[in-house]
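Asker: Line by line, the protein sequences give chains B and W. Residue numbers for the first sequence follow my numbering, so the first one is 234 and each next one is one higher. Residue numbers for the second sequence follow my numbering, so the first one is 25 and each next one is one higher.
Be aware that one or more of the hints could be misleading.
[As the list claims (entries may be wrong)] Label-pair restraints from in silico Cβ distances: (1) B:Thr350 to W:Asn99: 47 to 57 Å; (2) W:Lys64 to B:Asp289: 20 to 30 Å; (3) B:Ser238 to W:Lys91: 34 to 44 Å; (4) W:His38 to B:Gly249: 26 to 36 Å.
[Unchecked claim] Facing chain B, according to a computed beta carbon distance under 8 Å, are these residues of chain W, among others: (5) Pro67; (6) Phe69; (7) Thr123; (8) Glu126.
[What the hints assert, rightly or not] Taking lysine to any residue and the SDA-like style, the derived pairs with C-alpha atoms no more than 25 Å apart in a straight line are: (9) W:Lys65 to B:Gly273; (10) B:Lys244 to B:Leu329; (11) B:Lys244 to B:Leu272; (12) W:Lys64 to W:Ser86; (13) W:Lys61 to B:Gly292; (14) W:Lys27 to B:Lys248; (15) W:Lys64 to B:Ser242; (16) W:Lys65 to B:Phe278; (17) W:Lys65 to B:Gln316; (18) B:Lys244 to B:Arg297; (19) W:Lys64 to B:Val322; (20) W:Lys27 to B:Ala235; (21) W:Lys91 to B:Leu293; (22) B:Lys248 to B:Gly236; (23) W:Lys65 to W:Ser108; (24) W:Lys61 to B:Val340; (25) W:Lys27 to B:Gly275; (26) B:Lys250 to B:Gln283; (27) B:Lys248 to B:Ser286; (28) W:Lys61 to B:Asp251; (29) W:Lys27 to B:Thr342; (30) W:Lys61 to B:Ser242; (31) B:Lys290 to W:Thr68; (32) W:Lys80 to W:Glu126; (33) B:Lys244 to B:Glu301; (34) W:Lys27 to W:Val132; (35) B:Lys250 to B:Leu329; (36) B:Lys250 to B:His262; (37) W:Lys65 to B:Val351; (38) W:Lys61 to B:Leu329; (39) W:Lys64 to B:Thr246; (40) B:Lys290 to W:Asp26.
Calculated directly from the structure, the hints in this document are not laboratory data. Note that CB positions come from ideal geometry on N, CA and C, so glycine has one too.
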Amino acid sequence: GAGVSQSPSNKVTEKGKDVELRCDPISGHTALYWYRQSLGQGLEFLIYFQGNSAPDKSGLPSDRFSAERTGGSVSTLTIQRTQQEDSAVYLCASSLRSSGFLSGANVLTFGAGSRLTVL
Amino acid sequence: EDKVVQSPLSLVVHEGDTVTLNCSYEVTNFRSLLWYKQEKKAPTFLFMLTSSGIEKKSGRLSSILDKKELFSILNITATQTGDSAIYLCAMETSGSRLTFGEGTQLTVNP
Chain B
234 GAGVSQSPSN KVTEKGKDVE LRCDPISGHT ALYWYRQSLG QGLEFLIYFQ GNSAPDKSGL
294 PSDRFSAERT GGSVSTLTIQ RTQQEDSAVY LCASSLRSSG FLSGANVLTF GAGSRLTVL
Chain W
25 EDKVVQSPLS LVVHEGDTVT LNCSYEVTNF RSLLWYKQEK KAPTFLFMLT SSGIEKKSGR
85 LSSILDKKEL FSILNITATQ TGDSAIYLCA METSGSRLTF GEGTQLTVNP
């Protein structure tokens with residue numbers, strides 16, 4: 234597509250429920266990232282995909298968080314047994330970055346985010 | 025651990041003022057530094073800097089990098105209310121992730 238699409242844009246859930254957040258990156262972008270932004274905070278890295286594999290998942294805060302990417306395109310971030318501290322905006326971004334070292338440039342294009350509120 | 029620190033965290037100015045936003049960093053394997061503007065939701069790309077001392081410019085915005093002193097500045101001249109946003113500085117290091125600072129919340133009052 235023309236931009237990075239995320240759904241849902243807003244999700245309100247009860248503590249303990251599972252949620253799935255979806256990201257549809259720009260067509261042809263091989264790299265896909267998930268970040269989390271809590272109120273008044275900067276962006277916290279969660280996970281990075283190159284194609285369908287995740288060479289860096291070190292930012293996932295606990296084993297309740299998981300993500301997958303299929304067909305080198307759509308990605309789903311799943312949060313199990315949600316807690317109130319999971320409330321945040323979850324941002325997805327994609328880039329043309331291919332595997333291996335490229336000097337400089339990893340310009341990410343971001344989606345509008347999914348705002349998650351856990352009651 | 026890679027670290028990006030932005031200052032000030034928040035700034036309120038009047039239209040027409042010039043502002044300077046700061047970004048300092050500690051990274052093990054520097055590749056590039058990027059500035060993003062975040063108004064409502066999605067951060068949008070402003071500049072990418074890889075070399076020291078070369079100014080990047082776009083309209084009233086400009087940015088420069090100092091790799092010796094490990095910092096970058098973002099300047100906005102003749103500010104307008106539409107410049108109100110969070111300005112994010114990010115570092116690209118080896119491993120392909122971008123590490124972001126906390127951001128500077130800029131408010132431009134009429």
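Asker: Give a verdict on every hint.
Answerer: Each hint, compared with the structure:
{"no.": "1", "hint": "B:Thr350 to W:Asn99: 47 to 57 Å", "verdict": "37 Å, violated"}
{"no.": "2", "hint": "W:Lys64 to B:Asp289: 20 to 30 Å", "verdict": "28 Å, holds"}
{"no.": "3", "hint": "B:Ser238 to W:Lys91: 34 to 44 Å", "verdict": "36 Å, holds"}
{"no.": "4", "hint": "W:His38 to B:Gly249: 26 to 36 Å", "verdict": "48 Å, violated"}
{"no.": "5", "hint": "Pro67", "verdict": "5 Å, holds"}
{"no.": "6", "hint": "Phe69", "verdict": "5 Å, holds"}
{"no.": "7", "hint": "Thr123", "verdict": "7 Å, holds"}
{"no.": "8", "hint": "Glu126", "verdict": "4 Å, holds"}
{"no.": "9", "hint": "W:Lys65 to B:Gly273", "verdict": "13 Å, holds"}
{"no.": "10", "hint": "B:Lys244 to B:Leu329", "verdict": "29 Å, violated"}
{"no.": "11", "hint": "B:Lys244 to B:Leu272", "verdict": "16 Å, holds"}
{"no.": "12", "hint": "W:Lys64 to W:Ser86", "verdict": "22 Å, holds"}
{"no.": "13", "hint": "W:Lys61 to B:Gly292", "verdict": "23 Å, holds"}
{"no.": "14", "hint": "W:Lys27 to B:Lys248", "verdict": "32 Å, violated"}
{"no.": "15", "hint": "W:Lys64 to B:Ser242", "verdict": "13 Å, holds"}
{"no.": "16", "hint": "W:Lys65 to B:Phe278", "verdict": "17 Å, holds"}
{"no.": "17", "hint": "W:Lys65 to B:Gln316", "verdict": "23 Å, holds"}
{"no.": "18", "hint": "B:Lys244 to B:Arg297", "verdict": "17 Å, holds"}
{"no.": "19", "hint": "W:Lys64 to B:Val322", "verdict": "11 Å, holds"}
{"no.": "20", "hint": "W:Lys27 to B:Ala235", "verdict": "33 Å, violated"}
{"no.": "21", "hint": "W:Lys91 to B:Leu293", "verdict": "30 Å, violated"}
{"no.": "22", "hint": "B:Lys248 to B:Gly236", "verdict": "32 Å, violated"}
{"no.": "23", "hint": "W:Lys65 to W:Ser108", "verdict": "13 Å, holds"}
{"no.": "24", "hint": "W:Lys61 to B:Val340", "verdict": "13 Å, holds"}
{"no.": "25", "hint": "W:Lys27 to B:Gly275", "verdict": "12 Å, holds"}
{"no.": "26", "hint": "B:Lys250 to B:Gln283", "verdict": "29 Å, violated"}
{"no.": "27", "hint": "B:Lys248 to B:Ser286", "verdict": "30 Å, violated"}
{"no.": "28", "hint": "W:Lys61 to B:Asp251", "verdict": "32 Å, violated"}
{"no.": "29", "hint": "W:Lys27 to B:Thr342", "verdict": "22 Å, holds"}
{"no.": "30", "hint": "W:Lys61 to B:Ser242", "verdict": "20 Å, holds"}
{"no.": "31", "hint": "B:Lys290 to W:Thr68", "verdict": "24 Å, holds"}
{"no.": "32", "hint": "W:Lys80 to W:Glu126", "verdict": "22 Å, holds"}
{"no.": "33", "hint": "B:Lys244 to B:Glu301", "verdict": "20 Å, holds"}
{"no.": "34", "hint": "W:Lys27 to W:Val132", "verdict": "28 Å, violated"}
{"no.": "35", "hint": "B:Lys250 to B:Leu329", "verdict": "35 Å, violated"}
{"no.": "36", "hint": "B:Lys250 to B:His262", "verdict": "32 Å, violated"}
{"no.": "37", "hint": "W:Lys65 to B:Val351", "verdict": "19 Å, holds"}
{"no.": "38", "hint": "W:Lys61 to B:Leu329", "verdict": "20 Å, holds"}
{"no.": "39", "hint": "W:Lys64 to B:Thr246", "verdict": "22 Å, holds"}
{"no.": "40", "hint": "B:Lys290 to W:Asp26", "verdict": "16 Å, holds"}
Hint compliance for this structure: hints 1, 4, 10, 14, 20, 21, 22, 26, 27, 28, 34, 35, 36 are not met, and every other hint is.
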